Amino acid sequence: MPSLTGRVRAGAARAAGVRAPALAATLACATAALGLTGCAAEPDPGTVTVLNSATDTAEHTANQRFFDRCAAPLGVKVEQISVPADQVASKALRMASSDSLTDILELDGSELPQFAQTEGLRPLAEAGVDTSGFSASATSLGSYDGVQYGVARSVNSLALIYNTELLKDAGIDPPRTWAELRDAAKKLTSGDTYGMAFSASPNADGVYQFLPFFWSAGGDEAELDNGKGEAALQLWKDLVTDGSASKSVVNWNQQDVNDQFVAGRAAMMINGPWQVPVLSAQKNVDWAVASIPVPEAGKAAVPPIGGTVMAIPKNDDTAREKRAAALLDCLNSEQNQLQWGESVNNVPTRAAAAQAYAAQNPKLAPFAELVETARSRTAKVGTGWPVVGDALAGAFQSVLTGRTSPDNALQRAQQQASAGK
Amino acid sequence: MTTITSTAPATATGGTSASAHRAPRGRRLLRWLFVAPALTYMALFFGYPLVNNILISFQRYTPKTYFTGEAPFNGLDNWRAVFANELFGDALWHTLLFTVGSLLGQFTIGLALAVFFSRRFRLSGLVRAVLLLPWLVPMVVSAVVWRRILDQEHGMLNSVLHAVGLVSADGVPWLSSPSVALLSAVLVNIWIGIPFNMVILYGGLQEIPRDVYEAAALDGSGPWRTFRSITLPMLRPVITVVLVLGFMSTVKILDLILALTSGGPADSTQTLGTVTYQLSFLQLDFGQGAVVGNVLILISAVFAVLYLRANRADFGKGK
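As given, the protein sequences belong to chains A and B, one line each in that order.
Quick note: the first sequence uses my numbering, first residue 1, plus one each step.
Quick note: the second sequence uses my numbering, first residue 1, plus one each step.
Hints were generated in silico from the structure; no laboratory data involved.
Here the structure is a predicted model, which is why all the values come from computation and not from measurement.
Yeah, the Cβ is synthetic: ideal placement off N, Cα and C, and Gly gets one too.
There may be inaccurate statements among the hints.
Partial chain B-side listing against chain A, Cβ under 7 Å, derived [unchecked claim]: (1) Gly75; (2) Pro237; (3) Ala266; (4) Leu282.
So here's chain B without its partners, still in its complex pose (with noise of 0.2 Å):
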């Protein structure tokens, strides 16, 4: 049954992988010929920028280096000096606050939102588009705008507040205390992140055939317990989606808070990225720069194999 000759289709009978081993040299020449400008590219813009910046950070570069080529090997030192630096340690706490805080919010209320819009009703088409502004504006943009709100005398945020009663006349210091401001930075950020969270969620739960609820309902089944048995499961490979990606563009966040707080006041919003911002592009110590660089891509990389991992048991079961 199974004699292939070299002429016969690879494909025809038996499995891919048996096949391929026995798939003459052109063809399998052939075949890696339309895999090597996808490899090609992967090596010069992912592999290259990656093994330099783990070179960099075991080497003593600085402008010097720009002009002379020269980039003597020193070891630990830069390792050593970024963990004894006590900078490093407040920015992974404040990466690990601000990651976590602005994760829960994008996501419980993008969820939220979700939800409330898979049901139909008027308008919810031009509020769903006015919700996505936020994802409109550049985020440098965003930031401007909310250090104007969220000015303790002058800001819109704490006029409101006291208009109500909630706070009284001094106002909230959101941008000017550091206890309160890593917490106005993560308030921003959920704004920024919702409506990237309510669309691809959205997205989601428009997969999720309507018979499945119908029989729910006819099973007698609320709204909490159809949510819990039904919504979340059948939505959590878009939920890994979110989740992981959400993740990634929040742990390594500078822009927003560059132009929030500068990493103030006393240093209270430092996270990884504005250390590593700093490091490089004021101080100029490229080495330095490199080992937090290293550090965020590692924190990445533990996530994005987690993720993999999430995706893999999804196709085993047979999605």
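Next comes chain A alone, as it looks inside the complex (with noise of 0.2 Å):
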């Protein structure tokens, strides 16, 4: 059926003039810019643009001297165009509108498999990308449909933080199982502190805090009703109702969080390496890193696996995909990735570099083998993710506020999941 907006006409004409892209460019952009989308200028050959989300300027600054570090071989150089985090996507598809996409663009791994969809991400094999020899969970974080669009340098996930004084104190070791977390818990529970913090806020972070749970108890994504994840409802609520978590936690993201154990309210918290920093700058707590505990001993845990991915979008100059394609190579050379990965307190997704950076950091070493058993919270609901997640929030606020049973609310949350395919 034709359509009268400007956005969809600019598409028309750039579909209609594959074969002849020169052409196709100018009448795209004249229609575009009828559209009101916009036109961007000719590129620069000599300059490889990438899209990220590297808005801190320290950041900014690391990753500038990565990216011309790769580049300077090439004859290029590398413009990064950085904005806030949930900004990129909606930046990345007005981009693509008006067919002024990056030469890079870096997404957050859950994000990936919107994009894929769209079939505007060269694959990288395709566009001749190194894939091997990486982490099976950093490959899945980077793939939709089994093919692999994004290639990941570093990834996080979730351990438990605790305060090493608070636990000797009790002569408390760090809880491995769910019944040890929750005996420990109340234990730690004195006057202004609580035993355990969690992020159950109904967005990104608390969803993010509740996989390692719902997944560790054998809960599925697919099939939230699937009679196992209650568990791990039923240990959030016991740790709120016992007196051993805040009532506060449904408000608190992970920063919030961290900021409570840095104060001193908390004995120990579910947070992930990139408080690293914030925790390293204060002198008032001493922390260590532990595996997130499991419903029984001898499990394994199976926390999320996070970070971000740098796809190929597809370009009609297959020179400029190429470049790009060096430059991720490079950029996931081993050695810059342990580089990478220490810079910003992320495991490296090589496993050589992984294992060099457990050995070099060993009080994050931790989070280095929890990566190993880490899954992608987009491996199994692709696309679905965000109508999943949405679902999910819902059902733990709702059982953490009284509102519902955790049998209920899973029935309820597989409802709005598949409601909203």
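Given two chains presented individually in distinct reference frames, assemble the corresponding complex, making use of the accompanying hints.
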């Protein structure tokens, strides 16, 4: 059915002009201008552009150093376009509609399927990127429908971070099972200090923190009401009703959780390695990292894998794609990955680099182990993840606030998730 | 008497509409030329997005659309999906409560303060300046500060209330209980909106001639009677402006709620604004997001029409 919007006309012009790229570009450009979508200037052949979320000055500069190092042998420059993390996707879409997408697109792993589905990304194998030797979880993070579109330089996950002094004073070892966790949290709660802190906010932070419990219990994101995930909801609920965790967890994001821990108001917390710079900079609390407790002793923890992946948008100019591919290969050399991982406290994705990382950073070694069994949020449900994540958030929020029982909550969540399809 | 030649100024005599008819083509064109920039501006920046948003709500508009340009029409699918979503009904109800609650609070407190400050006394200017502060603070900053104040365990509000014996040691779960969170959001929004109401109403009060009050005083009218029979009626046009503008900015509220509660706990503070954000920018279902956006536009439009009618009535009375 024909449409009247300018964007659609621009798209049609682009589609029609595949065999005559130059003409098509001009045509699309003119129509796009009419349709108010704007039009990019002809890209500079000597510059590779990257869209990412490195708005933090330190991160931006560090990033640029790695880019420059890899771009120099290719005889090109790299220009980063950095926008806040929650705006990368919408910015990329706007750029795509005006045919001005960057040569490299760095997305959050959970957003990759939405972009891969558009067929606007070049499969890495086609682009000539070396995809061998990466950890299975990292490969899964960058894949959609069995094809790898994105490569992660480093990944992160969640672990149990604890106050060594408080645990020592109470004569408690870091808990390894849920029963131990509940017990330890109870014993560590006194006065102004809660035994345990976690984020149960109704957004990505809370969902990310709920997953290690949900998955370790046997929960399934494609079938939320399979009867296994209830145990995880019950555990969270118990921690709050025991008084071992604050009722405010339904409001706390991961940053708030870290603030509570640093202020000495929580003896243990669930958090990720991105908090390490803040934790290391403060002097009041001694901390250490342990693996996430599991339902029963002997089981392996199943935490979520997180991080960004770099993808190559399809480009009529294959030379640009080739250059982007060469850049990705260089950024992901063992040495560069290791150095990058250390600068952002995330675990490198090449097995050898990850081992070296764990050996050089013993304090963060648990993270290096965790990412081996970590699971990608989108591996099973792909583009359905945002809806599923939302349904899960609804479930733990309504259980923690006492609105419904765990099994009711997950049944309802499954209905929501399938209605959203 | 009305012999208008083509060279005579068109506005010399007669009604403007009559002379416009007879104005030569060149002049009419010139007039349109003066109006054209405004019309173009309106069409580009208001008309185009509006029409586009309505179209998108009938299309399957996904991330793929941005790459391929294909957005097939899917009839009422988006509308059906949104109306079938339980969250939409809840959000509509929350938006209503939030808007009415915020307006009532902002307006009554703003009016009370405006009346209070319309008398001259020492330090009045200073206190008024301090009262403007909430307006100057960016919304997200206010929300973050209020999150700390409203924290159940360590928040200032609960410790003050506990100190004066109004609440137990547990405190009020301002943001962590679904039955209280919406009220907390309303309270914060009232705090943010008071300065706006106060400033506009204060301006309106200054316009009321002093002698009317003097006459009332001579007639022996008390303060309440003066307020009801003089202040309120003479303030009516300003009140309409304040309420309509307040309504428009409250009904679409997004940033305050996102920063304060992210729509939680248990969806108790989801409004039409947060739902459309969630659908469009988190789930990237732009079609369904546009549906909720259109509902918001429709609600605002109804009030805009009411506002225009109220204004026309005022003009009709020769104001």
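Against the structure, the hints:
1. Gly75: Glycine 75(B) check fails; min Cβ-Cβ to chain A is 10 Å, beyond 7 Å.
2. Pro237: Check failed: Cβ of proline 237(B) comes no nearer than 37 Å to chain A, outside 7 Å.
3. Ala266: 4 Å, holds
4. Leu282: 5 Å, holds
The structure is inconsistent with the numbered hints 1 and 2, although it conforms to all the rest.
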